[in-house]
Amino acid sequence: MDIMNIVYAVVVLGVLGAVFGAILAVASKIFEVQKDPREEAILSHLAGANCGGCGYPGCGGCAAAILAGNAPVTACAPAGPENAAAIAEIMGMAAPTGERQVAFVRCNGGTNAKKRFEYIGVQDCISATKVAGSPLECNFGCLGFGSCVAACQFGAISIGENGCAVVDPEKCTNCGACMKACPRGIITSVPVSKKVHVLCMNQDKGKAAMTVCSNSCIGCGLCQKECKKDAIHVVNGVAVIDYDKCVGCKLCTKVCPRDAITPVATAEEKEKYKAIKKAQAEKAKAAAEAKAKAEAEAAAKA
Amino acid sequence: MDQIYELLAISLSAILANNFIFSQFLGICPFLGVSKKVDTAVGMGIAVTFVMALASAITWAVQRFVLDPFGLGYMQTVAFILVIASLVQFIEMFLQKAMPALYTALGVYLPLITTNCAVLGVAQLNVQNSYGFIESVTYGITGGLGFLLAIVLFASIRERLVFADYPKSFEGFPIALVTAGLMALAFMGFSGLKVW
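Heads up: the protein sequence lines correspond to chains P and G, in order. Heads up: the first sequence is residues 1 to 302, going by the numbering used here. Heads up: the second sequence is residues 1 to 196, going by the numbering used here.
What the hints contain is simulated information worked out from the structure, not anything from laboratory work. Backbone N, C-alpha and C define an ideal beta-carbon position, used for all residues, glycine too. Since no wrong hints were added, every one of them can be taken at face value.
Taking lysine to any residue and the SDA-like style, the derived pairs with C-alpha atoms no more than 25 Å apart in a straight line are:
1. LYS35(P) <-> SER86(G)
2. LYS36(G) <-> PRO183(P)
3. LYS36(G) <-> THR129(P)
4. LYS250(P) <-> ALA267(P)
5. LYS97(G) <-> PRO111(G)
6. LYS277(P) <-> VAL247(P)
7. LYS35(P) <-> LEU95(G)
8. LYS168(G) <-> VAL149(P)
9. LYS228(P) <-> GLU269(P)
10. LYS229(P) <-> VAL247(P)
11. LYS130(P) <-> LYS37(G)
12. LYS29(P) <-> LEU95(G)
13. LYS180(P) <-> ASP39(G)
14. LYS130(P) <-> ASP165(G)
15. LYS272(P) <-> ALA284(P)
16. LYS35(P) <-> ALA98(G)
17. LYS97(G) <-> PHE20(P)
18. LYS37(G) <-> ASN50(P)
19. LYS36(G) <-> ASP124(P)
20. LYS37(G) <-> ILE126(P)
21. LYS130(P) <-> GLU159(G)
22. LYS171(P) <-> THR262(P)
23. LYS36(G) <-> GLY55(P)
24. LYS97(G) <-> ALA68(P)
25. LYS225(P) <-> THR266(P)
Covered stretches of chain P, going by a simulated chain G footprint (3 or more residues, C-beta under 8 Å):
26. 4 to 11
27. 24 to 33
Simulated DEER-style distance windows between Cβ atoms:
28. SER169(G) <-> SER189(P): 36 to 42 Å
29. TYR5(G) <-> VAL15(P): 37 to 43 Å
30. PRO169(P) <-> THR104(G): 33 to 39 Å
31. HIS233(P) <-> ARG160(G): 46 to 52 Å
32. ARG160(G) <-> SER189(P): 34 to 40 Å
33. VAL178(G) <-> GLU39(P): 42 to 48 Å
34. SER189(P) <-> ILE175(G): 37 to 43 Å
35. LYS130(P) <-> ASN129(G): 51 to 57 Å
36. MET188(G) <-> PRO169(P): 54 to 60 Å
37. SER156(G) <-> HIS233(P): 50 to 56 Å
38. VAL78(G) <-> ALA25(P): 19 to 25 Å
All chains, full assembly: derive it from the sequences and hints.
Listed below in structure tokens is the structure:
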């Protein structure tokens, strides 16, 4: 009888399992959903971090959007250009080209920026902007509460020494999550090889920009005049670099009176550059004078 | 008439007095894991209710027509887990085909229900209390509703916890557990509700 009990148990559970298995097998045929095999293939080339940087819910959503043609093959920035090329091949398109881009925080305010009041609410940038404008006098500056830090899935962004967010270009995948998280919209994509950047987005003119921060761009246009490659322009009261033209000569950093262009030139470098310019100007003046003199002599002779 | 009273008593008991989470401590894992936002908590609650109702119906049939005749009551747990796992799998397939919108809304929570011990709990309690078919299904549905009530209340409290002033070391799960404990205490008040 004891043996029978064991046999019963084994048989009954076995049959039960077999019946459920059969039902599931039949159901999987009946309820089969046709899936495009390309979707799986695309998914295997995405980053798989489910960072949401592409704007779709997770990597699966992104793969579906790429397949439907709603998203470009480069939609997944963290996956990099090799994977974008692979996806392009799956979709039967030409591989995209272009340099790797990284996020860049266009503010150097932080402790240099004037505080309107001491904010002690929820430590989050969006919440901070809801209170009486914002704790900063500057309406464009980094608040430094780290909404972007929280949004970054790759640990590539941190609040720097001076209270401004800083991106680590090594870790950054340009997924765009921080750009969406920033209520100020001061995080932009820049080519990774470029080193000269304007560290301010304050569009106020002159004095208004000058009073709120000691590092602000006041739109004076000195950099624009200095640039030999026509790569920096004052647009809407703030200098903007055209990365296609910039060659990284750093002349603009040496003339900026507000130290708003990185890498910030030291006072020494600025003096040196000023001296060189002065010498050049004198030389040019002397040459012009000499030329005028020679012409005058030539005229007198004739 | 008697049966209606009894069903009412079962419902009240399952939703309030013997709430699966707050007084039976079943299904705590999804309760803590999926309660950060009210939206997802509602989705999880509805999915669990759905599965609990179906699971109590099917496990009742399995118990009555398979386990009892063969005297295999002691194999209950194994058999019920088998039923629940296949049921969840089946529902997932069915939803994907029939209601893709609901399927995407429930997302990852659907397969997670397999490991929700409230579902296994309701099946076993049905047998322990020797409920009939209608009583079992009622207990399943109302037990699920109790879970839904608990997780939605808890999620809405957790959303507001951001504004609460508590020590930094309590951040995250510690304060959530304290909250859950206080809510369980509050639900203890319903045990005075003796209508049966």
